[in-house]
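Visitor: This is what each chain is made of:
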Amino acid sequence: MKIVINGQSAVVAEQISLSEALANYGARPPFAVAVNGDFVPRSQCEIKTLNEGDSIELLSPIQGG
Amino acid sequence: MDSFTLYGEQIRSRLLIGSALYPSPSIMTESIVASGADIVTVSLRRQQSAQAGDDFWQLIKNTGLKVLPNTAGCHSVKEAVTLAQMCREVFATDWIKLELIGDEYNLQPDPFALLEATKILLDEGFKVLPYCTDDLVLCQRLADLGCEVLMPWGAPIGTGKGLLNPYNLRMIRERLPSHTLIVDAGLGLPSHACQALELGYDAVLLNSAIAGAGCPVTMSHAFRSAVEAGRYSYLAKAMPEKDVASPSTPTMGMPFWHQN
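Sequences listed follow chains A and B, in order. Residue numbering for the first sequence is 1 to 65, as defined by this note's numbering. Residue numbering for the second sequence is 1 to 260, as defined by this note's numbering.
Worth flagging that the hints you see were computed from the coordinates, not collected in a lab. Here a beta-carbon is modelled for each residue, glycine too, at the ideal position from N, C-alpha and C.
Label-pair restraints from in silico Cβ distances:
{"#": "1", "chain 1": "B", "residue 1": "Asp144", "chain 2": "A", "residue 2": "Glu46", "range": "37 to 43 Å"}
{"#": "2", "chain 1": "A", "residue 1": "Asn24", "chain 2": "B", "residue 2": "Arg175", "range": "51 to 57 Å"}
{"#": "3", "chain 1": "B", "residue 1": "Thr218", "chain 2": "A", "residue 2": "Ser17", "range": "47 to 53 Å"}
{"#": "4", "chain 1": "B", "residue 1": "Leu164", "chain 2": "A", "residue 2": "Ser43", "range": "44 to 50 Å"}
{"#": "5", "chain 1": "A", "residue 1": "Pro41", "chain 2": "B", "residue 2": "Pro25", "range": "29 to 35 Å"}
{"#": "6", "chain 1": "A", "residue 1": "Ala23", "chain 2": "B", "residue 2": "Asn168", "range": "47 to 53 Å"}
{"#": "7", "chain 1": "B", "residue 1": "Leu145", "chain 2": "A", "residue 2": "Glu52", "range": "38 to 44 Å"}
{"#": "8", "chain 1": "A", "residue 1": "Val11", "chain 2": "B", "residue 2": "Gly125", "range": "36 to 42 Å"}
{"#": "9", "chain 1": "A", "residue 1": "Val11", "chain 2": "B", "residue 2": "Tyr167", "range": "58 to 64 Å"}
Same shape as in the complex, but just chain A (with noise of 0.2 Å):
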């Protein structure tokens, strides 16, 4: 099935979790998650799990003001 990380399309299995998609990515901690702009905590990450479309925000630290 289809997903979005980042925006950028990815095919992976169904009834993938979200801390395999994140893997399989090659997420790198520190980071923060959010799918379909509801942020999903770390640990909840591992029985989360994915819909075709679903869109995920993975960020990370940067400057701010």
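Dock chain B against the given chain A, drawing on the hints supplied.
Guide: Frame of chain A, contents of chain B only:
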């Protein structure tokens, strides 16, 4: 210099500094150190494949300073709340500099969305530092919600114009005497920071004025001195302004007094 309180924590430096826009990572680090700041602002963005983000975060951690994450760039309550939640997890702090932009041209905060997001985040246990306009009633409403810290702008972000409306800022200080007030954004010169402290503001938060200077490290020193000068000036209570001159040198014993 005396400290100020930020949600129960004593903060020594009255200069909060941003981490963006510096010519290089090393100049960023030097500038932050030179500022004497206790708090540095940071943000979150999409993770890039390059190593740059990791290096930046390591540099910030090496400073040993407290971090204040922001929600810069958010235009809706939903975006700002989600980003705040993500910041809390990554940066392990309840502090959030809540930015909710209402107008793209001057990056003016949206007061209505700001109130809504502030309420949600306070209810979730965040310690909200709202970036707001210098509107007294807005500041009162934010205080009513439970904000212990308010951050009205001096001028639009990155303009360097200084305190565009000192009257408004003075009124907010007078009407909210027990709240921690920080002028956030729009400062360009150390004298602007000094003026904010002279008005009784507890601190200033700035980034572009240092990062955009010809020599950021030297400018950082200048702002550090300016906030100290402004604070001491406020504590010293300035003389009353008068319209008529009065001599400072004694006239008693003046030679040649009115000889002509």
